[in-house]
Amino acid sequence: MKILKLPKGKLDLFASVVQQFGELHAPVEQDGKYVFKRLARWPDARLEYDRTILPPKKYFLPPRETLFRYRPGEGFVPSTDGLDQRIVLFGVHACDVYAINILDQVFLGKYKDPYYQARRRNIAIIGIDCTPDKQCFCRSMRADFVDHGFDLFFYDTGDYYQALVGTALGDDMVLATGNLFEPVGPADIDAYKERSWNKRRAFHLDVEIRDLSEIFEMEYESGIWDQLGRKCLSCGSCSMVCPTCYCYDVSDDVELGSRAGKRTRSWDSCLYFNHALVASGENFRRDRASRIKFRFYHKQRGFVAEYGRPSCVGCGRCVSACPVNIDTAQVIDRLRRVEDVGSR
Amino acid sequence: MLVADEVATYHPVLTENPYQPHMARIVRIHKMVENNHLFTLRFLEDQLAHSFRHQPGQFIMLSVPGAGEMPISISSSPSRPEVLELCVRRVGRVTDALYRLKTNDLVGVRGPYGNGYPMQEIMANDVLLAAGGLGMAPLRSLLWYALDHRDKFGNITLMYGAKRPEDMLFREELVALVDRTDINCLLTVDADPSGAWKGHVGLLPALFDYAKIDPARTYAAVCGPPVVYKFILQRLLDLGFPKNRILMSLERRMKCGVGKCGHCSIGYKYTCMQGPIFTYWDAINLPEMI
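Protein sequences appear in the order of chains A and B. Be aware that the first sequence starts at 1, since it is given in this note's numbering, and climbs by one per residue. Be aware that the second sequence starts at 345, since it is given in this note's numbering, and climbs by one per residue.
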């Protein structure tokens, strides 16, 4: 992998050059929190942010998206609205890039999702390293570092950003700046290692995911699920803010006064009552407890069976979003504990 | 540097879209049973009508324009191509809209999806088909596949139960099978108020008394409401069936059919991808299955 460095003072220059590759989007401050948004001007970008309310998922799998328009006589005509829009996402954290790689496994595996595929191709990602806060457990989820899925990835090493070049497009971005980037030397590598070490030590949370699948199987009937079910409001906030929750619903709407219409998909959540409801009235997860159990089970157990790792990346967003303070790391911790009577 | 054309020419949404429904014409609506009609479809594109192939046990996603899309198991056998037969119970919003359509109206079809029955494994073995009520819909594809390739299978036994004779799906064609000597076709009804029924009267498991089954060389395909699974599965286990030779066809809410939308997951499997045919071994390892 090509590794270069960019003097910090040249970052704004780099940002102005990179705009020729697409509309520049980055975290900006909004009501004391952060959101990924189109930059009106470069100084609005906040690269030292903790976490955005919504993950970059919203760019690749929009909250609402028209899949087809239906016209009598023409059938279902695919909608291509917005798919070719070129965007450069600046300042994506490692866990969020990792989450996009997980979405790739779902949407670009068997039966490729062409809408996702088009967006993934047209949206460039420039990642940036971060310092964990007390909600982050990405290291436990092996998502504190990411080795692919981005075009460029920046590490703050003091006076420079050390840049990993992930794709040919990333390389084009570097070349387009002329000679802003410099080669790295032994001192830069040492600076990176120091940064890496400091990051590792900054974590407050540590959960163990080895053999978690098996513990989930053993604790499937645990009382902890009923306790969580009594607490959970089924609001689905955790799903909305989750960078890897990809469930979606599909609905058809007819235009008033015509037989034409459109087919739309929108984000869904397994915590909603009708997620597993079928037309006959049978609901395979009628109880709230069974739904919140399913969400944990699918992230930490089901996804492992299917794709080889949990789909959780430890970003901590579900903890921030939950109105009743259900804490993923705590739930995993409780499941693992021997002495927790609540789990029987 | 990226060339602008590259984006303009890249349109998987138009060319390789797994969500694309293909329009099909309703060529026949057979009112088998009140609110359980058999819809026969043929793709508008001849090429597609010729090339469409499925495995018994697979399903399609059926679009009723303006109402929505739903998973429906294919009731016709791949040995009888060109058209698709779908047995649809009128039970919700989209099926309601389907029932408002008439012959020659258009619907959308994409698929086939799911694993289907493991035909390569089943062939050369005996087959036991056990269905209750609407459970006959997916099993009918397997039934006719086996009958149309009769020399490739051992003994074939069908056990099918309905509430009353007038509730029996595919009644005419199944009754016609009773006299055939190359299949043991056992039909029963829970009750026969009219007194005109010539077959068995009683619950489905009672048909085991009339069936000769060798569990060591038989695959059992079971489909029906929960009560069917409850009694038939126990009976099969008592007979000594290996758990991976008991095949069940399941239904779940589905929005995509291709392992994305998340609704059909059972435990850690997707009904649309690893199912809808599961073995009994899968069932006891997956929570919430039946």
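Any given hint might turn out to be false.
[To be verified] Stretches of chain B that chain A covers, calculated by requiring three or more beta carbons in the stretch to come under 8 Å of a beta carbon on chain A: (1) 363-373; (2) 414-425; (3) 575-584; (4) 591-598.
Worth flagging that the hints you see were computed from the coordinates, not collected in a lab. C-beta: ideal position from N, C-alpha, C; glycine also.
Verdict on chain A covering the stretch 575-584 of chain B, criterion of 3 CB contacts below 8 Å
The restraint on the stretch 575-584 of chain B is violated, since only 0 of its residues have a Cβ under 8 Å from chain A and three are required.
Outcome, coverage of the stretch 591-598 of chain B by chain A - at least 3 residues whose beta-carbon is closer than 8 Å to one in that chain:
holds (count 3)
Chain A over the stretch 414-425 of chain B, status - at least 3 residues with CB closer than 8 Å:
Violated, because only 1 residues of the stretch 414-425 of chain B bring their Cβ atoms closer than 8 Å to Cβ atoms of chain A.
When I compare C-beta atoms, does the stretch 363-373 of chain B have three or more residues closer than 8 Å to chain A?
Per the Cβ count (5), the hint holds.
Hint violations for this structure: numbers 2, 3, all remaining hints satisfied.
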